[in-house]
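Given the sequences, and given the hints that come with them, work out the whole structure.
So the sequences go chain by chain: P and E.
Under our numbering, residues 33 to 426 are what the first sequence spells out, in order.
Under our numbering, residues 33 to 426 are what the second sequence spells out, in order.
Honestly, I wouldn't trust all of these hints.
Chain copies aren't distinguished; within one or between two, either way the pair holds.
To be verified - Here are the computed lysine to aspartate or glutamate pairs in the EDC-like style, where the Cα-Cα straight-line distance is at most 16 Å:
(1) K228 - D348
(2) K108 - E302
(3) K108 - D280
These are calculated hints, taken from the structure and not from any lab test.
Keep in mind the model is a prediction, meaning the values are calculated, not measured.
Number of protein chains: 2
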Amino acid sequence: MTVRHVALVGGVTTPFGVRPTTWAEMAQEAGAALFRSMPDLRADDVDSLFVGAAEPERFAFQSHVAPLAAEQMGLKPRRILQRTELACASGQSAIRSAYAAIAAGLSDVAVAVGVEKMNLPSMAEANASMGCVMDRPWDGPHGATAPPFFAMVAQRHMLEHGTTPEQLAAVSEKNHRFANANPHAQFYAKTFSKDKLMRLPIVAPPLRLGDCSSMTDGAAAVVLVAEELARKYTDAPAWIRGTGQYSDFHNLAHAGSLTEWPGLTIASREALGRAGCSLKDLDFAEIHDCFTISEIVEYEALGLCPPGEGGRFALDGRGDIGGDIVINPRGGLLGCGHPLGATGIAQAVEVFEQFGRKAPPARQVPDPEWALVHNLSGSANVHSVMIYQTGGAS
Amino acid sequence: MTVRHVALVGGVTTPFGVRPTTWAEMAQEAGAALFRSMPDLRADDVDSLFVGAAEPERFAFQSHVAPLAAEQMGLKPRRILQRTELACASGQSAIRSAYAAIAAGLSDVAVAVGVEKMNLPSMAEANASMGCVMDRPWDGPHGATAPPFFAMVAQRHMLEHGTTPEQLAAVSEKNHRFANANPHAQFYAKTFSKDKLMRLPIVAPPLRLGDCSSMTDGAAAVVLVAEELARKYTDAPAWIRGTGQYSDFHNLAHAGSLTEWPGLTIASREALGRAGCSLKDLDFAEIHDCFTISEIVEYEALGLCPPGEGGRFALDGRGDIGGDIVINPRGGLLGCGHPLGATGIAQAVEVFEQFGRKAPPARQVPDPEWALVHNLSGSANVHSVMIYQTGGAS
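The structure is reproduced here in structure tokens:
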């Protein structure tokens, strides 16, 4: 079996934030920006559309959003059209589906777009909707929505490993600093020192406002093509080299541990193995910092440091520019905001921009060749990983 | 490029109907039935899970249903896990995703499961949710939910082509007759004569109760494998030979015609072309009879008869056993009910059972080799088609 290589050859992100726009308007905005950014791409070139969206049924009272996005973007998909949902990892799921379709010869040029509208007139309704990404009938009655759940992870990590509030704040400071140089980020041009972060209001102890990613509106889109078409659209393609996912529970009663996420270890090993590279080859990684504690546990689960030492890894700047590996140069979910379906696509846009040396100096990774993208979803029960490489040959 | 062939090697359907069970319980029921039906399949063989579900966020107030289904079915996906949504075609979308993943070498053994819970304590809430599969802000205020929309199609077809209520009833009588021999159908063991159907209450003129598929609870699951594994699980694999989809509008103002569905013509030609077979090769087809008029328009769009003659095609029994081609031997959406995400999977289960000569005599197609499966979604703006073949070699 010889399948085709697949390249990501373009991508855009709309501004992220609290936006006075509808779901459909943001899909349109992403489409318009995408075609502006790629003058050689015609709408008719695009044979397939994959839409990542977590909960438009609740946040926008609109289902069947794939043809809605197609219409708003001026596309008429003639090969494959679908929406993928995997809660906070919905965007990466859309990319993975496009990748599989192209590798299998079912599509040649595909767009993956992620859109989420989360700021509603009633934020109580929005928060209730967020609650149903976890096990609603069993975990919901115990209050296990996202902030309380990740607060438990943080409390337990502090108990087991002596992780400190300052270490949490170090993650937030780094990602907000990168976001400070990202014009599309929700917290663009805003400064957050560790001291300031440690004085923000508590959301769920020990997590403060700056430890939590936001309910955000936004969209992002990328173009993926078969290997023989890559050079038509860009000089710096981002080749998809590997993919991995793992899921072993849903109900929290079945979680083996709060502070160890073996699913990420398994998924990243699978993806790296398929890519034929090792952790040491990676120049940067976009990982799922929905909360500061998530990034710390992910350092450990990825194998960037031993178990329990993620907090120190953060405080020592080993995930910063000049450290072992640059983590979340885009600004992460903490700095950019987290429009669920758009996040995974925006991370891929960052990979493309970094490979093309187009990021502002304050967050450009020096000479990147390999990148890892990670999303978790739900109660960290599902982990999704993709590996990208730039370079000449397919 | 040589991609792997993909075979459907097993499948089950739960009973369809108004059921006192939750979404999660039906996923569990489908999983248990699947493993009972395939003694050689171990949970650990399954590396990927694709979940088709249209609106669990509204019907079951639960998102992120892919890991929920995995847990309920006893699966721990280690390659790919995702949910696909394409309204009424969500089930077929899950199969297409599994097909692409296996063809691309990303999965070897995948389960596609479709689940929908539609009967709620408040059917007003359920019906409002159904409305959001169409363009809610633009078409919704004009009352364009499914029955009124397809009623307009029927009225226009009657005006343009002289289609009659008796011709509509002929479609319903055939599909209910097949369902009468399908123990999993919502209308199993119930008899509907044309006369009786033409006296049922009007839902949206000219459509009567028997012209409309039901709000139904149910689940179905299939197993797809790479070619080299097919014989391990069955002697009569259903090979996926071709796929096609087309979408050219969302807002009804952009629909070119109510009574011509060129999207289906394009999608079926693409699928047949990829399969290397023609319409004449098909022994039977499972097509999307969400309403009787849909099946009539589909006869025409598929090319089974000239435009305008779909009603006569039905009345003459040309889609019946002994006619040109058997249409909807499972009993269709009219006879089986239409649990959105489960329908596309249940159609594939029917293909597998027909190929294995396991259908009851009243609906067994004689010596079938080729089958087409079709789903439309929304306002017939998206058409999805797959072609299956049984036989010896891969």
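Hints versus structure:
1. Neither within a single protomer nor between protomers do K228 and D348 lie at most 16 Å apart by alpha-carbon distance, with minima of 19 Å and 78 Å respectively.
2. Proximity of K108 to E302 under the C-alpha cut-off of 16 Å is restricted to the inter-copy arrangement: shortest distance 15 Å between copies versus 35 Å within a copy.
3. In this homomeric assembly, K108 and D280 come within 16 Å of each other (Cα to Cα) only across copies, at 5 Å, whereas the closest approach inside a single copy is 37 Å.
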